[in-house]
Every structure is written in structure tokens, then in C-alpha cells.
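> Chains as they are written, first to last, in the UniProt record's numbering: chain A, 1 to 364; chain P, 1 to 271; chain D, 1 to 300.
Among these hints, one or two may not hold up.
As the list claims (entries may be wrong) - Part of the chain A face toward chain D, derived, beta carbon under 7 Å:
| # | residue |
| --- | --- |
| 1 | A45 |
| 2 | V46 |
| 3 | A75 |
| 4 | V76 |
| 5 | L78 |
| 6 | D202 |
| 7 | D203 |
| 8 | R207 |
| 9 | N218 |
| 10 | G219 |
| 11 | R330 |
| 12 | A334 |
| 13 | P335 |
| 14 | A336 |
| 15 | E337 |
Stated by the list, open to error - Distance windows between CB atoms, simulated:
| # | chain 1 | residue 1 | chain 2 | residue 2 | range |
| --- | --- | --- | --- | --- | --- |
| 16 | P | L175 | A | K360 | 31 to 39 Å |
| 17 | P | D174 | A | A30 | 43 to 51 Å |
| 18 | A | L356 | P | S171 | 56 to 64 Å |
| 19 | P | Q111 | A | I63 | 31 to 39 Å |
| 20 | D | Q257 | A | L110 | 26 to 34 Å |
| 21 | P | Q111 | D | P103 | 54 to 62 Å |
Source of the hints: derived by calculation from the structure; they are not laboratory data.
Note that the structure is predicted; figures quoted are calculated from it, not measured.
Beta carbons: idealized from backbone N, C-alpha and C, even for Gly.
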Amino acid sequence: MTVHVQAATAGPRLRLKPALTRAGLCWLLALLLAVAALAALGSGAVAISAGQAAAIVTDRFGISLPWRFGADQQAVLLEIRAPRLVLGLLVGGALAASGAAMQGLFRNPLADPALIGVSSGAALAAVAVIVLRDSLFGALAGAFGAYLLPVAAIAGGFGVSWLVYRLADSGDRLDVASLLLSGIAINAMAGSATGLLVYLADDDQLRSLTFWSLGSLNGAGWDGVAIGAPFLLANLLLLPWLADALNALLLGEAEAGHLGFPVERIKTGVVALVALGVGAAVALSGVIGFVGLVVPHLLRLAFGPDHRWLLPSSALLGALLLIGSDYLARSLAAPAEILIGIVTGLLGSPCFLWLLFRQKLMGH
Amino acid sequence: MLQAIALTLRAGAKTLLDGVTLALRPGEVLAVAGPNGAGKSSLLRAISGELVPFAGLVLMNGRPLAEWPPQRAALLRGVLPQSAGLAFRFTVRDVALMGRSPQRKTHSTAQNQAIAEQALALTDTGHLAERIYTTLSGGERQRVQLARVLAQIWEPQDPLHRYLLLDEPTSALDLAHQHAVLAIARRFADQQQAGVLAVLHDLNLAALYADRIALMHQGRLTAIGTPAQTLNSELIRQVFAYPVSIGSHPQIPAAPLVIPRRQAAPGVQEQ
Amino acid sequence: MKQTTSLSHKLARAACAALLWLTAAAPAHAAGPSRIVSVGGALTEIVYALDGAERLVGVDSTSLMPAAAKVLPQVGYMRSLSAEGVLSLRPDLLLASAHAGPPAVLEQLRAAGVRIETLAEDYSAAGITAKIGAVAALLDKPEQGLALAGQVQADFDRLAQWRAQRGDQPKVLFLMAVAHGALLASGRGTAADAVLTLAGAANAAGELQGNKPIGTEAMVAAAPDVILLTDVAANAIGGLEAFYQQAGIAQTPAGRQRKVLVVDTLALLGFGLHSGQAVLDLAKQLHGEPAVAADAGDGL
Chain A
1 MTVHVQAATA GPRLRLKPAL TRAGLCWLLA LLLAVAALAA LGSGAVAISA
51 GQAAAIVTDR FGISLPWRFG ADQQAVLLEI RAPRLVLGLL VGGALAASGA
101 AMQGLFRNPL ADPALIGVSS GAALAAVAVI VLRDSLFGAL AGAFGAYLLP
151 VAAIAGGFGV SWLVYRLADS GDRLDVASLL LSGIAINAMA GSATGLLVYL
201 ADDDQLRSLT FWSLGSLNGA GWDGVAIGAP FLLANLLLLP WLADALNALL
251 LGEAEAGHLG FPVERIKTGV VALVALGVGA AVALSGVIGF VGLVVPHLLR
301 LAFGPDHRWL LPSSALLGAL LLIGSDYLAR SLAAPAEILI GIVTGLLGSP
351 CFLWLLFRQK LMGH
Chain P
1 MLQAIALTLR AGAKTLLDGV TLALRPGEVL AVAGPNGAGK SSLLRAISGE
51 LVPFAGLVLM NGRPLAEWPP QRAALLRGVL PQSAGLAFRF TVRDVALMGR
101 SPQRKTHSTA QNQAIAEQAL ALTDTGHLAE RIYTTLSGGE RQRVQLARVL
151 AQIWEPQDPL HRYLLLDEPT SALDLAHQHA VLAIARRFAD QQQAGVLAVL
201 HDLNLAALYA DRIALMHQGR LTAIGTPAQT LNSELIRQVF AYPVSIGSHP
251 QIPAAPLVIP RRQAAPGVQE Q
Chain D
1 MKQTTSLSHK LARAACAALL WLTAAAPAHA AGPSRIVSVG GALTEIVYAL
51 DGAERLVGVD STSLMPAAAK VLPQVGYMRS LSAEGVLSLR PDLLLASAHA
101 GPPAVLEQLR AAGVRIETLA EDYSAAGITA KIGAVAALLD KPEQGLALAG
151 QVQADFDRLA QWRAQRGDQP KVLFLMAVAH GALLASGRGT AADAVLTLAG
201 AANAAGELQG NKPIGTEAMV AAAPDVILLT DVAANAIGGL EAFYQQAGIA
251 QTPAGRQRKV LVVDTLALLG FGLHSGQAVL DLAKQLHGEP AVAADAGDGL
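Build the full structure now, drawing on both the sequences and the hints.
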């Protein structure tokens, strides 16, 4: 692509730093993510050297390396750190990519996946399971065991989004403005229902609710990854396919239609993928705010709104932010833990403010 | 040919279009004129397939619009909206490139970019390629949107004809660019044998560039024909409820010149 | 999900039975666990009282007594433990309150080979002595356990005797905290409710289940003779005087007679070694006897 350098005419320009194009940014993020993932795997409260970590991993494939390690180190790496890392990558990526897609669908850079009721639906279902486990879900609890909570939360998130979607769907077309309004109404209803359940909860249940609603990757295991991965991967792999359509939708729905995009199918697809991805994320790690809203917004401010770049780069930065935050959350106060939502906020909001401020200075 | 056959369009109890039948022929520029609320934009939106008519049919190249696969239809028919509410900070080049969405799988990125650049150059916006679309003036935006639509239907689809539907393409433009845009439309029709339908408010612009003018009034097609046939003082007074005199263009005597009378102050009627 | 060892479960039913059982079943195995992480304030206190402190390698954030416990490595709040954090202390025993969690983390610890002993939380003398019995058995110090349990039981016995002498039953409202602008009153099933019963008082919020927000009007209707405010709630309101100024307080007997007391949450509701004495002191205040200068013993 040739870049024409224009004489200074009125109005600001896109300031793409020549050294960092959009493709360069994606590669840089991927590289940083790989480094961060290895660092997260190699560090924690239990001391495991890089060599030992490598030996533990290769040992799984029958290759023995000269570094010796203990069974406890092996258990920590493979059963605690690894699933937590994988879940963090998937959840962070899906939250940020979903945020980018929602902001495109609503043509509003401040839109959030929570708008279509995924989070409140998943929260309602999870709270219902915790509070009513003994009275209502006894039989189900027997059948699903530890899977009941995540499965119910995914179903709740999807169910409430579906309700919001149905209310906004006037037969042949989905009205995005009604989607927003019905989302607000249904979110309020789900919030009240959750509040009612919280009122009914006893102290013990209340504390698990608080813990859950603040969000954490603590306690993530391979079984949780197995439940969530299909939904999170579907979200991460399929959303980028809709990038061109989301770009066209920014021109307007009619314009996207004139450009040959099946607009209704695409809107339905975006809502469904976001509901699945965010529902699974909330189900497995609680409500981790901030990532879905700010990561895409930040990348858009820096590198423009083209979804072909925005969706993958958001997924990468979201994953990076989440595993970075989780690393800090578990190491800053080790052997205790800080809540991850606190860390994501502390890391992300200054960057966000800086970008906003810089944009203001540039005169937009 | 792009044909509207007995199109009726309703919004609630209100009838927007009432049995409109007209045909856009390949190689012609058809101007649609009429007072505010006459149904010009409704007609364009129904012909483009954006609005589903209550009754009637739109045929594109002999086939009902609904039967064209959306991607196929996109190669044949481009629509310039009255105003595109793009609030995100795309570059002008990216906006033009969006016009190449239907060809993103059939053409290389380089090919699509080259065509987008040519389209921008054609609408005199090539120098704006690096600018952020949202920072442009209304007229610049309108020309960039035109470039996007031209890029969309850039290649001939022989033996099928292409159609360009323009909703008030000159509304935000200065004098020079009004003529530049209509000259582009005229040339597109002449050289590419494409049909161009343009909603225009300025009857003199229509007289200069259109082969035919369709006059609309209260959702109905009042008259359709060459400028000389349609631009007579009686018809215009009837449709626009305003008195005009008709002269002739000093440079092109065949083109009628519509000269509105001066209204006694204060204004009594809006239309 | 309450998991109890069969040992502590039996003990929780009746203190006497538990003590008898303990003496009979003093475990014969050697020194027992040597690296213990204790999660729960009362459990940590008991470990110290049984001279097991040198075996402690970590405690949770509710382990504030004795002061020495506060310098041990912190594994965080008991309900949000970190598996790797606990494992990094290489414990051979996790001594856990029934409130410890989250369950997934306990599961990971168990899978990593950490022995977890979960002890029931029962708001009674029997609950405390059961914990003492269980910890003593784990530390292989049955005699010391018996003695300590005896002291605790004696405190509670004194409390029961005193209570028997008093026929009256003041109505007491226990306010836990302020949440979203509303005062949270302790109803049935809470530690505060157990304390009030032990102190020979009637819970003015006895119709509520758990800690629930209570409106001004409901507070007036409950007509408490005494209102107890936790230190947390008192701070949130802005002090005792600010509380007296609140709408409706003056309309309660407690407000009229200026009988609103601020209590130390941890000492009173922790159900630890000093609870018997702490409840007796409270009971005397509730019944209008001059408070004995509580020399809340710093250690045993």
C-alpha cells in the first residue's frame, strides 16, 4: 500500500506510525502473548524453573529432559497453572472479540456484550443454582454434579440473550435500537430477579455469590476448560469471518444489504456467537468487566475501526490483558490472591484515559 | 432494464407509493423529481430492494429482485444513500474499499485497492485517501460515498446491464462538484451502458444531464418523458404548486431552463 | 457444601460425648502433621493454644488472634484461597473451616495430595469444643485438648448459670453492617442470633432468616430494648452519635434510653476460645448490670 504524504491541509490525519502497521501490531501482540503465556506458565507461588517446566511438559509426550522435577511441581504446572492459562487465553480473547463485534453491531464504540443480556442471564442462572441448589435443583445437581453451575450459566446467558433478541425481532428484521432497549429492560429484570435470590440467600451462599460475581480464574481446571472451550473457540474462530460484514454494517444496514451481505443472518450470527462466548466466559470465570469494553475501544483509537484487524487484535490483546492480570493477581500478594477484576481495571484504565486524552489533544 | 411494476408501498396507514410503474433503461440517465414527500426516495428504496413493496414487483434484467442472490445483485446494482451515518474513524481509502466487498473473494486485495483508488480519483477525492472519513465536509463525504458505489459496480457484467441508483447525489455539493458528479453519472451511462437513476431537486441540473425526467407527486408518477416534454410551466405548477417560466439554456438550446417566479414576501407556502 | 470429618461431626453434637470420645480414642500415631495451613480464625487460635504454633506454615486473613499469627504467610481470605499459593507453602495438612473455599480450589489441593480436614462451623460451646477436640487429635495432643476444652466449657457453664439466675429476656436487635444504604439485621441462623440466645436475650429480628436489610419502620416495630452495632456498621454510619440521630432510632426503647452498644465483631462472633467470657460480658450489659472491666485474656 502506498502512503501519500499530503501537504498540510485542514483537518487531522490518521497517524499510523510507519514502524507499526496493523499487521505489525497483530504480530507484535501475538509475540507478546506467547511470551506472556510462557512467563505465566513458568512463574507462580511454587518455584518451577524454566528447564523444569520444559521437562514437565515434554515428559507428557514421553521425552525426558535433563532437568529433574518433583511430583508436586508436575501437579502444579499441569493441573493448576496450565488449565488456568488456557482458560485465561480463551476467556480474555472471547470477551474482547465479543466487545468489538457488539460495538460494530450497535455502531456504538461504547457498546458492551452485556447489552444483550448475556452476563445478567448467566449471573441469574448461576445465582439461582447457588441459592436454590438444595430446594429446586437437587435432582439436577445429582445428574450434573460440579458441571451444574457452568452449564446452567451458559444456558442462562444464552436464554436471556435469546429473549432479548426475540423481543427486538419484528418478524423479518432485527431492529438494533429495539435490541438495545429490550436489552436494557431484560437486563433490569434479570438484575431484579438476581437481587431477589440474593435476598433469599443465606450467609454462606451470599459469600460464594460475591466471590463468583467479582470474577476470577482461581480454581480453573481442565474439566472447566472442556466445558467452555467449544463455545469460546466457536466465538474466537467464527467472529473474524464476519469482519467484512461488520465493516459494511457500520455504513448502515441498507448499505450493507446493497453490498450483498445477508444482513439479518449476520446480525443473528453475531448475537448468537457473542451469547455463546460471553456466556461461557461468565460461567467459568465470573463477571470480569472492562476487557470487553476497553480492549477493542483502545485498539480502535490507535489503529482504526476495520474489523478485519480489530477482531483478531482484540482477541490477542484481551487474552494478553487477562493472563497478564491473572499473573499479577496471583503473584502480587502470594500466597494469597487479589481479585482479577481489580487488576484488569488498574492496568487498563490508565491506558484508556491516556488514549482518550491524546485524542482530545489532537482535536477530535 | 430495471423495471418497477405497479409498485405500492405503505408505512402504517400512509401510502408512500401508489402504483408506480417505470423502467430504467440501460445507457440512460433518469432523473426523479418532485416536491418533498412526493415519494422519490421511497421509490428509490423500493427499486433497490431495501423496502419490500406492499404490492407490485421490481424486475432487474428481467428477473424479480427477490430472486437475485444478494452477492450477485450487488455486482449489478449500486446505491448511493442520501447520507451515510458512518461514525467510526475509517480512512477514506477504507470506505472506498468497502465498495469492493462483493469482490473480496473473487479479486485480489491489490486489484480491489487499485479499483478503489481509481474510483476515488474519478470523484475527485483521491487526495483525501489518507484522511479520516468523519473529518470530511458533507460534500467530500458524498463524493467518497459515490466512489465507493462506483467501485462496487466497476466491472461490466456482460451480457447483464448494471444500474446506479443515486439518492440526491448533489444535495451537499458546491456548484462545480454538482456538475462533476452528474457528469460522472452521465459518462457512466454512456460508456458503460449502465442505467442511472438519480433523485434530483434541481430541475435545471436534471434538464442538463438526464435523458428523461420522472415527476412525482403524492406517491404517484405524474409525468415521465424527455426534459422538453416534462418541464413545462403548467406541469411544474401542478406538481410543485409554484409558478415558473420556461426558457432555454443559452449553450444547449434543446435543454429547457426553469426560471422560478419571485414570490411576494412574506412566504405563504413552503412548497 | 459442608464437609465434616466423621470425628468432628460426632463431636459437634454434644460436648460431653465428644470429650469422652476423645479420651478413649486418643490417636496412637506419632507426631502427626508438621506443616499446617490453618484457615479460620478459631482454628488458628486453637492451634496456638495447644502449642502447635511451630507447625503452622500459613494462615488465612481471619486468623488475627493471637497477634503472633499475623506474621505468618497469608493465604488470603478463607473463601478465595489460591491452590498454588497454598501448595507453595508445602503443607501436609490444610486445617479448614467449613467456610473455606472455593470448592474447586479445595478439589485441586486434594488432587495435589494435600490432606484437608474440614471442621464444621457450629455456633455453640459444643462447636468450639468439637474443634478443639479435632485439632488436638490432629496435633496428637489429646490431654492438652481436653484441658482447653474444659476451660472453654467452664466459661460457657458460668454463662449458663448466670443466665439461669436472670428471668428477664431483653429484646435485642443486632445490626451487622450497612449494605446499599440499608442496615443489615441478623436474623435466625446467624452467629449473632446464637450469641443473643446464649446471652439470655431475645432476637428482635427473630422473624428474619439470615442477615437481611431492615427498614426504619420495621426497626421501630421490632421495639428493641438494646441495639447492638458491630464496629464495622458503626464506622459505616459514622459513629454512635450519628446512629442516635438517624430517623426512627429515637422511637425505639433502645434509642430513648440510649442503649445502643458497639461490639467487637471478631471477638463476639468468631466463636473462639474467649467466646464464653465475651458473651457473658455482653449478657451483663444487655441485662443492665454494670460491665465487668473485661480483661479479655490475651492468651492462654
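> Indicate, hint by hint, whether the structure satisfies it.
How the hints compare with the structure:
1. This hint holds: A/A45 has a C-beta 3 Å from the nearest C-beta of chain D, less than the 7 Å allowed.
2. With its C-beta approaching chain D no nearer than about 4 Å, A/V46 sits inside the 7 Å limit, and its interface hint holds.
3. Taken as an interface hint, A/A75 checks out: its beta carbon lies about 5 Å from the nearest beta carbon of chain D, inside 7 Å.
4. At its closest, the beta carbon of A/V76 sits 6 Å from a beta carbon of chain D; the interface hint therefore holds under the 7 Å criterion.
5. Interface hint status for A/L78: violated, as the beta-carbon distance to the closest one in chain D is roughly 10 Å, over 7 Å.
6. At its closest, the beta carbon of A/D202 sits 5 Å from a beta carbon of chain D; the interface hint therefore holds under the 7 Å criterion.
7. Hint on A/D203 holds. Least Cβ distance to chain D is approximately 6 Å, under the 7 Å limit.
8. Restraint check, A/R207 versus chain D: the minimum CB separation of about 5 Å is within 7 Å; hint holds.
9. Residue-level restraint check for A/N218 holds (minimum Cβ-Cβ distance to chain D is 6 Å; threshold 7 Å).
10. Because the beta carbon of A/G219 sits about 3 Å from the nearest beta carbon in chain D, less than 7 Å, this interface hint is met.
11. For A/R330, the interface hint holds, since its Cβ comes within 7 Å of a Cβ in chain D; the closest pair sits about 6 Å apart.
12. With its C-beta approaching chain D no nearer than about 5 Å, A/A334 sits inside the 7 Å limit, and its interface hint holds.
13. The closest approach between the C-beta of A/P335 and any C-beta of chain D is roughly 3 Å, which is under the 7 Å cut-off, so the hint is satisfied.
14. A least Cβ separation of about 3 Å between A/A336 and chain D falls short of the 7 Å threshold, and the interface hint therefore holds.
15. Given hint, A/E337 at the interface with chain D, holds; its Cβ is 4 Å from that chain's nearest Cβ, closer than 7 Å.
16. The hinted window of 31 to 39 Å between P/L175 and A/K360 holds, with their beta carbons roughly 37 Å apart.
17. Checked against the given bound of 43 to 51 Å, the beta carbons of P/D174 and A/A30, roughly 47 Å apart, stay inside it.
18. The hinted window of 56 to 64 Å between A/L356 and P/S171 is violated, with their beta carbons roughly 34 Å apart.
19. For P/Q111 paired with A/I63, a C-beta distance near 48 Å fails the hint of 31 to 39 Å.
20. Checked against the hint of 26 to 34 Å, the C-beta distance between D/Q257 and A/L110 comes to roughly 54 Å, which is inconsistent with it.
21. In this structure the hint that P/Q111 and D/P103 lie 54 to 62 Å apart at CB holds, the actual value being about 58 Å.
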